[in-house]
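Asks: Given the sequences, and given the hints that come with them, work out the whole structure.
Spelled out, the chains give:
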Amino acid sequence: MKIRIKTFATIREACGFEEKELIVSEGISVKEVVQQLKKSYRQLNDLDGALLFAINEEYCHDDAALSDDDTLAIFPPVSGG
Amino acid sequence: MKIRIKTFATIREACGFEEKELIVSEGISVKEVVQQLKKSYRQLNDLDGALLFAINEEYCHDDAALSDDDTLAIFPPVSGG
Amino acid sequence: MKTIILQQEAIDIVHVIREAGTDSDGAVVSFIGRVRNNSNGKTVLHLEYEVYSQMARIEIQKVVDDAYARWSLSTCVVVHRYGRIGIGEASIVIAASAPHRKEAFQAVQYIIDTVKERVPIWKREFYSNGSSWIHGKD
Amino acid sequence: MKTIILQQEAIDIVHVIREAGTDSDGAVVSFIGRVRNNSNGKTVLHLEYEVYSQMARIEIQKVVDDAYARWSLSTCVVVHRYGRIGIGEASIVIAASAPHRKEAFQAVQYIIDTVKERVPIWKREFYSNGSSWIHGKD
Numbered sequence: 001m002k003i004r005i006k007t008f009a010t011i012r013e014a015c016g017f018e019e020k021e022l023i024v025s026e027g028i029s030v031k032e033v034v035q036q037l038k039k040s041y042r043q044l045n046d047l048d049g050a051l052l053f054a055i056n057e058e059y060c061h062d063d064a065a066l067s068d069d070d071t072l073a074i075f076p077p078v079s080g081g
Numbered sequence: 001m002k003i004r005i006k007t008f009a010t011i012r013e014a015c016g017f018e019e020k021e022l023i024v025s026e027g028i029s030v031k032e033v034v035q036q037l038k039k040s041y042r043q044l045n046d047l048d049g050a051l052l053f054a055i056n057e058e059y060c061h062d063d064a065a066l067s068d069d070d071t072l073a074i075f076p077p078v079s080g081g
Numbered sequence: 001m002k003t004i005i006l007q008q009e010a011i012d013i014v015h016v017i018r019e020a021g022t023d024s025d026g027a028v029v030s031f032i033g034r035v036r037n038n039s040n041g042k043t044v045l046h047l048e049y050e051v052y053s054q055m056a057r058i059e060i061q062k063v064v065d066d067a068y069a070r071w072s073l074s075t076c077v078v079v080h081r082y083g084r085i086g087i088g089e090a091s092i093v094i095a096a097s098a099p100h101r102k103e104a105f106q107a108v109q110y111i112i113d114t115v116k117e118r119v120p121i122w123k124r125e126f127y128s129n130g131s132s133w134i135h136g137k138d
Numbered sequence: 001m002k003t004i005i006l007q008q009e010a011i012d013i014v015h016v017i018r019e020a021g022t023d024s025d026g027a028v029v030s031f032i033g034r035v036r037n038n039s040n041g042k043t044v045l046h047l048e049y050e051v052y053s054q055m056a057r058i059e060i061q062k063v064v065d066d067a068y069a070r071w072s073l074s075t076c077v078v079v080h081r082y083g084r085i086g087i088g089e090a091s092i093v094i095a096a097s098a099p100h101r102k103e104a105f106q107a108v109q110y111i112i113d114t115v116k117e118r119v120p121i122w123k124r125e126f127y128s129n130g131s132s133w134i135h136g137k138d
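Residue numbers (our numbering), protein chains in the order written: chain A, 1 to 81; chain B, 1 to 81; chain C, 1 to 138; chain D, 1 to 138.
FYI, nobody ran anything at the bench for these hints, they're computed from the structure. A portion of the hints provided could be inaccurate.
[What the hints assert, rightly or not] Each computed DSS-like pair below joins lysine-lysine, with the alpha-carbon atoms no more than 25 Å apart:
1. K2(C) to K102(C)
2. K20(A) to K2(A)
3. K116(D) to K42(D)
4. K102(C) to K62(D)
5. K2(C) to K116(C)
6. K102(D) to K42(C)
7. K102(C) to K102(D)
8. K62(D) to K2(D)
9. K2(B) to K31(B)
10. K2(B) to K38(B)
11. K116(D) to K2(C)
12. K102(C) to K42(D)
13. K102(C) to K62(C)
14. K116(C) to K102(D)
15. K62(C) to K102(D)
16. K42(C) to K116(C)
17. K20(B) to K38(B)
18. K31(B) to K20(B)
[Said to hold, decoys possible] Here are some, though not all, of the chain D residues that point toward chain A, as calculated from beta-carbon distances under 7 Å:
19. E50
20. Y52
21. Q54
22. I58
23. I112
24. V115
25. K116
26. I134
Quick reminder that beta carbons are idealized off the backbone N, C-alpha and C, glycines included.
Replies: This is how it looks when you write it as structure tokens:
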């Protein structure tokens, strides 16, 4: 199945892309996607601090399962306001 | 000695004056001035709720003693803001 | 910078809020007290505030000084209007700035609470069939 | 009335505060978050905010909905700016009105605290010799 990855702030800089489509196996978890990304984007391993995740603009845990056509956003702790 | 009385809001309406000079005996207390005023301005007796006092723009208790040329303000609980 | 104003004219809210804040301030908190169209179930047409000007100015100054002693404020503006004030108009505007927001929030709340407790100003509500003085806190 | 805006242009603070308040409201409380000229001992030249727009809008809406559920607000406006923001400029403006002030104060504090916790926006500070991303609360 196909998912879309969006990255922001330090994660965007570590990955070098803002948005990317990925072909992944059915029912893959957020955590597994991140493990997969860490192989291609080594700088992701250096980022200290928790990563946050959202599927289709909704916060989720890293054990959440992805569905076809989902958008997974990966980003560092927020600092707006 | 001579003092100046200022009244506000319901007290002003009860007394019918905003400001008045009064000749009083040396060392008179606020409470005694009020007792004196209540004889001339009967409506003062009808006012429920606490009266507040200030001598020369500073809050005081009703046992405070007045000095010559003092300004005594008499008013109901405040409701600004 | 502390600014305290008592005035009969409408309050220029924009000006008050623009006055507050320096380049080292991360937060400006403001409070606008407005005249409501109802009070205790009655329809209010307008208000009138009577003020003991000399003393009110001194008392507001004390409240602002207290706030400065308790929180690290950079700027604080308090404008209280008196006389006749229409529905929806501001009777008081307070704006305070500080490096961090918590202090600005606490200071503005303290100032409005304390102004209502001790500044010699009295509110009279006007209805279609009369008026009444308001005594003490609302 | 709930208004939520994300924008790159400077925030028209006056407009935001004027939007808040109805004739039955006695209180309008506003918070202006400003860009400070210093942070952790460093001189800041300007900031840049990156935003996940679609999600940020949803999250701010949730925060405002929560505030409405907890306090009886009449109006609430939240404007968050993103992109490059200069010293002294507003990054966020929140204004809420309610019949009584306590609710308006609590709601605005809740909204700014919660926006800072969960709305996907990231701040980058620029100094004369570089920049750094800020993670988490300040």
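Asks: Each of the hints needs a verdict: does it hold here or not?
Replies: Against the structure, the hints:
| no. | hint | result |
| --- | --- | --- |
| 1 | K2(C) to K102(C) | holds, 19 Å |
| 2 | K20(A) to K2(A) | holds, 10 Å |
| 3 | K116(D) to K42(D) | holds, 22 Å |
| 4 | K102(C) to K62(D) | holds, 23 Å |
| 5 | K2(C) to K116(C) | holds, 19 Å |
| 6 | K102(D) to K42(C) | holds, 22 Å |
| 7 | K102(C) to K102(D) | holds, 16 Å |
| 8 | K62(D) to K2(D) | holds, 11 Å |
| 9 | K2(B) to K31(B) | holds, 16 Å |
| 10 | K2(B) to K38(B) | holds, 18 Å |
| 11 | K116(D) to K2(C) | violated, 29 Å |
| 12 | K102(C) to K42(D) | holds, 22 Å |
| 13 | K102(C) to K62(C) | holds, 21 Å |
| 14 | K116(C) to K102(D) | holds, 13 Å |
| 15 | K62(C) to K102(D) | holds, 23 Å |
| 16 | K42(C) to K116(C) | holds, 21 Å |
| 17 | K20(B) to K38(B) | holds, 14 Å |
| 18 | K31(B) to K20(B) | holds, 17 Å |
| 19 | E50 | holds, 5 Å |
| 20 | Y52 | holds, 6 Å |
| 21 | Q54 | holds, 5 Å |
| 22 | I58 | holds, 5 Å |
| 23 | I112 | holds, 6 Å |
| 24 | V115 | holds, 5 Å |
| 25 | K116 | holds, 4 Å |
| 26 | I134 | holds, 4 Å |
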